[in-house]
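Novice: In this text, residue positions in the first sequence follow the numbering used here: the first is 1, and each later residue adds one.
Don't read these hints as lab results, they were simulated from the structure. No experiment lies behind these values; they were computed from the predicted model shown. Ideal Cβ positions, reconstructed from N, Cα and C, are used throughout, including at glycine.
Just the calculated beta-carbon pair ranges, DEER-fashion:
{"id": "1", "residue 1": "281", "residue 2": "198", "range": "45 to 55 Å"}
{"id": "2", "residue 1": "271", "residue 2": "56", "range": "33 to 43 Å"}
{"id": "3", "residue 1": "355", "residue 2": "280", "range": "14 to 24 Å"}
{"id": "4", "residue 1": "299", "residue 2": "163", "range": "49 to 59 Å"}
{"id": "5", "residue 1": "315", "residue 2": "73", "range": "13 to 23 Å"}
{"id": "6", "residue 1": "281", "residue 2": "146", "range": "42 to 52 Å"}
{"id": "7", "residue 1": "163", "residue 2": "95", "range": "19 to 29 Å"}
{"id": "8", "residue 1": "350", "residue 2": "98", "range": "44 to 54 Å"}
{"id": "9", "residue 1": "2", "residue 2": "195", "range": "17 to 27 Å"}
{"id": "10", "residue 1": "343", "residue 2": "96", "range": "43 to 53 Å"}
{"id": "11", "residue 1": "144", "residue 2": "15", "range": "36 to 46 Å"}
{"id": "12", "residue 1": "198", "residue 2": "146", "range": "27 to 37 Å"}
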Amino acid sequence: MGRTRLGRLQTPHGAVDTPQFMPVGTQATVKSLTPGDLRASGTQIILGNTYHLSLRPGHQRIARLGGLHRFMGWDGPILTDSGGFQVFSLAHLRRVDDDGVTFASHLDGSPHRLTPELAMEIQEALGSDVAMSFDQLVDATLPPLAVKEAMERTHLWAERCLASHTRPDQAVFGIVQGGVDPDLRRRSVAAIAGLPFDGIAVGGLSVGESKAQMAATLDVVADALGDDPRPRYLMGVGSPADFFAGVERGIDLFDCVLPTRVARNGQLWTSQGKLNLRNARFMDDAEPVDPACSCETCRNHSRAYLAHLFRAEELLAYRLASLHNVTYTLDLMRRIRSAVSDGSYASLREVVQAQYGSTGRTDKPALSGR
RNA sequence: GGGUAGGUUGAGCAGGUGGUGAGCUCCGCUGACUGUAGAUCAGCCGUCUUUCGACUGUGGGGGUUCGAUUCCCUCCCUGCCCA
1 MGRTRLGRLQ TPHGAVDTPQ FMPVGTQATV KSLTPGDLRA SGTQIILGNT YHLSLRPGHQ
61 RIARLGGLHR FMGWDGPILT DSGGFQVFSL AHLRRVDDDG VTFASHLDGS PHRLTPELAM
121 EIQEALGSDV AMSFDQLVDA TLPPLAVKEA MERTHLWAER CLASHTRPDQ AVFGIVQGGV
181 DPDLRRRSVA AIAGLPFDGI AVGGLSVGES KAQMAATLDV VADALGDDPR PRYLMGVGSP
241 ADFFAGVERG IDLFDCVLPT RVARNGQLWT SQGKLNLRNA RFMDDAEPVD PACSCETCRN
301 HSRAYLAHLF RAEELLAYRL ASLHNVTYTL DLMRRIRSAV SDGSYASLRE VVQAQYGSTG
361 RTDKPALSGR
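Please model the complete structure; the sequences and the hints are all you need to start from.
Specialist: As structure tokens, this is what we get:
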């Protein structure tokens with residue numbers, strides 16, 4: 001179990017039990033799910049996005065309408081990403097300089113500037129419980145010099161984010177970068193953890209590197225952080241198996257689009273592994289998606305029904321599938337928390353690994369046992 | 001009954017005026033998806049073969065020709081117009 005830990009994160013909109021998973025609601029909605037659905041799934045905290053919401057509908061508008069919580073009807077905690085991921089995912093639509101990033105809007109091509117100061121201003125206007133520092137995420141397989149340059153820029157931007165932040169009721173998390181290079185990662189932890197952030201995020205992972213590289217990098221970060229008490233957030237992870245790799249290395253928070261995205265594409269996560277409900281074999285399957293699940297989808301509907309809805313491209317397919325996958329994921333996190341408490345963690349990991357594959361061991365058996 | 005336009009691989013089409021028709025879109029099958037430009041994308045989708053490739057296929061039958069999807073005859077089917 002290594003560095004596994006349990007905790008509770010306090011925010012102005014409620015507490016969050018950790019380790020915890022945050023469904024992603026980029027555009028002020030976790031796609032296809034209502035706040036009521038999220039509550040029913042056990043969701044405690046969700047994500048919003050600086051870049052998307054500033055472009056549409058505009059952060060000032062959201063502020064005028066009472067802030068992001070009120071705007072979207074979710075009164076629980078919200079963490080907002082800074083737009084750093086879009087520096088990566090919209091690489092062909094942006095230009096980076098030391099001061100910030102200029103995007104050509106993915107909506108209409110219009111120029112849109114994002115700097116550390118603007119990213120904080122937008123997040124303060126949105127009123128999220130946790131704001132993320134503006135960082136530069138790069139492909140870990142880029143030449144070391146490029147990874148180093150992005151990391152150093154991230155460090156400078158981190159200081160500017162803290163310097164410009166004004167809301168006392170909003171936490172700010174810093175982001176560690178440095179690709180998969182152990183030395184860069186250590187330097188990045190030293191730089192970020194040395195600043196008065198409220199939490200420390202690990203960025204730049206799950207972007208194409210191997211499972212082994214991710215685990216090894218998390219080991220390096222965990223070692224470098226030592227007994228730092230602040231919440232630790234592994235950004236963009238992950239799959240059922242990946243949660244174990246993170247939890248064992250001291251991660252408290254995860255977010256990922258995977259549960260909702262794959263749900264919309266017909267992949268359902270269950271206690272029996274993953275199912276692709278578009279497969280012909282489910283057309284006559286009267287079983288619930290997951291007999292072990294008590295979500296609305298599994299209580300009331302069959303695999304055959306969902307298989308039909310997907311084929312017919314009925315909108316309900318996306319909601320029922322997303323509701324189930326989010327429920328499954330949050331149930332899994334809850335099971336992980338209780339397994340850590342009662343000592344059954346190893347057997348839980350074994351079961352989930354068998355269903356969803358390896359969690360990516362490092363080449364050397366680091367952090368085995370306790 | 002007369003006239004006219006057609007009949008192409010599950011569906012809908014493209015093409016083809018005597019010399020290699022397996023091209024498209026659906027449908028279907030499978031896979032992928034990790035801080036959401038994603039209810040998306042990719043592969044396959046006549047038969048055989050892992051691949052290369054080979055073979056078959058333009059409504060049926062017949063004819064002309066070295067060679068027919070193309071030209072001729074005939075039959076069948078469909079739409080429309082006339083009676």
